[in-house]
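Could you use the hints to bring the two separately framed chains together as a complex?
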Amino acid sequence: GAGVSQSPSNKVTEKGKDVELRCDPISGHTALYWYRQSLGQGLEFLIYFQGNSAPDKSGLPSDRFSAERTGGSVSTLTIQRTQQEDSAVYLCASSFGRYNEQFFGPGTRLTVL
Amino acid sequence: AQSVTQPDIHITVSEGASLELRCNYSYGATPYLFWYVQSPGQGLQLLLKYFSGDTLVQGIKGFEAEFKRSQSSFNLRKPSVHWSDAAEYFCAVVGTGGGNKLTFGTGTQLKVEL
Chain V
75 GAGVSQSPSN
85 KVTEKGKDVE
95 LRCDPISGHT
105 ALYWYRQSLG
115 QGLEFLIYFQ
125 GNSAPDKSGL
135 PSDRFSAERT
145 GGSVSTLTIQ
155 RTQQEDSAVY
165 LCASSFGRYN
175 EQFFGPGTRL
185 TVL
Chain H
1118 AQSVTQPDIH
1128 ITVSEGASLE
1138 LRCNYSYGAT
1148 PYLFWYVQSP
1158 GQGLQLLLKY
1168 FSGDTLVQGI
1178 KGFEAEFKRS
1188 QSSFNLRKPS
1198 VHWSDAAEYF
1208 CAVVGTGGGN
1218 KLTFGTGTQL
1228 KVEL
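As you go down the protein sequences, you meet chains V and H in turn. Here the numbering used here is used: the first residue of the first sequence is 75, the next is one more, and so on. Here the numbering used here is used: the first residue of the second sequence is 1118, the next is one more, and so on.
Simulated from the structure, these hints should not be mistaken for lab results. Keep in mind it's a predicted model, so treat the numbers as computed, not measured. Every residue, glycine too, gets a C-beta built ideally from N, C-alpha and C. Please note that a few of the clues may not be correct.
Examples of chain H residues lying across from chain V (beta carbon under 10 Å, computed) [to be verified]:
#: 1; residue: 1144
#: 2; residue: 1145
#: 3; residue: 1146
#: 4; residue: 1151
#: 5; residue: 1155
#: 6; residue: 1159
#: 7; residue: 1160
#: 8; residue: 1163
#: 9; residue: 1207
#: 10; residue: 1220
#: 11; residue: 1221
#: 12; residue: 1224
#: 13; residue: 1226
#: 14; residue: 1231
Derived contacts from chain V toward chain H, CB cut-off under 8 Å, selection only [to be verified]:
#: 15; residue: 122
#: 16; residue: 126
#: 17; residue: 170
Looking at chain H on its own, in the form it has when it is part of the complex (with noise of 0.2 Å):
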């Protein structure tokens, strides 16, 4: 069954410092690999996606991700960090084997000092 691990439950960073929060998959094919964002109160909202082709995905508000195979890692990343950014973060994977259903890390909470 593939799993999702985001091993930092909570990270704090100043403004304007760059973020990379991590997440390592699980599963036996290449995968359809998402990063979510949460902010108190309000439903999840994708951030971007990584399919095929290009490793290095660009996503809303300034945020990308790498997609290495090698080790398992799907890590997002901004160069430069803004209050506002300070949310709850989910990496999530879809099988491509035929189930629909993302399973998601268990979240990395986000505060940013100003």
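Chain V with its partners taken away, still in its complex shape (with noise of 0.2 Å):
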């Protein structure tokens, strides 16, 4: 596997729910980003992790998203109790040094009904 992989692909779930996506990055790569994609937003940055820690969190929208990072690697992002606005494509990327060139996933689209 030489790329970023997302599970799932695809997510519907009822308003009020949790849900966990999930991100495995390029091995070897320390960085691994989420952002969004809706159409009413364009492209947002979520949260940033170098290793396990996460130096910038600024874009997580509110207290019910939230992110971990484990072993340096996999990648998971929880949005607690759902709400119809939550509804985008997630996406994750990673990097390796010093240039940022960030490589992506191809997404998990997430719906609440």
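Structure, rendered in structure tokens:
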């Protein structure tokens, strides 16, 4: 597996339920990013991990959103008590080194009914 | 705060014609600049990047972009468009001052007429 993978590819949930989205970065990439892509807001940064630490969480839209990264690898984005405005495509990216060339996964399309 | 403007929401060109997609950025220092392409239902693929040095950068799929500091621009060009180039194109910037997040433009949807 050479690229960034995300699961599930699609998720349909009911308003008020919690969801977990997973990202497997490229092996050896120390940095991991979550972005959200929606019709109204375009591509928005959510959170950035360097190793297992998150030095920049400035894009998380509310305290219902959280993320963790373990072992410097896999990351999980959790959305609690989902709302309809959370419907979007959630993209994960990883990078290695100084120049921040980010490689993106295919995304998870979240639909909140 | 850094920002990126892509003034053209939609562009239509004929196959074989030349293409230029505009991108203007706002950032106090020299930024790192990127162009990504997104095909329907796909993630983002990096076309090219500019960090420093030669202001004309070559990318994949025959694309190139030119960094013009005086105009705060990083326009994407292709001399002859193929039908498979139809997609959405995003310009993005990363600040060199420490933040690592990409700030994206709103994207330009390219349609190619056969």
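A quick look at each hint next to the structure:
1. 1144: For residue 1144 of chain H, the interface hint is violated, since the closest Cβ of chain V sits about 14 Å away, which is over 10 Å.
2. 1145: violated (17 Å)
3. 1146: violated (15 Å)
4. 1151: Result: holds, 8 Å to nearest chain V Cβ.
5. 1155: OK, holds: residue 1155 of chain H within 10 Å of chain V, min 9 Å.
6. 1159: holds (6 Å)
7. 1160: Status holds, d = 4 Å.
8. 1163: holds (6 Å)
9. 1207: holds (7 Å)
10. 1220: Holds, because the Cβ-Cβ distance from residue 1220 of chain H to chain V comes to roughly 7 Å (cut-off 10 Å).
11. 1221: Constraint on residue 1221 of chain H satisfied, holds at 4 Å.
12. 1224: holds (7 Å)
13. 1226: At about 12 Å, which exceeds the 10 Å cut-off, the nearest Cβ of chain V leaves the hint on residue 1226 of chain H violated.
14. 1231: violated (28 Å)
15. 122: At about 5 Å, which falls below the 8 Å cut-off, the nearest Cβ of chain H leaves the hint on residue 122 of chain V intact, so it holds.
16. 126: violated (16 Å)
17. 170: violated (12 Å)
Against the hints set out earlier in the document, violations occur for numbers 1, 2, 3, 13, 14, 16 and 17.
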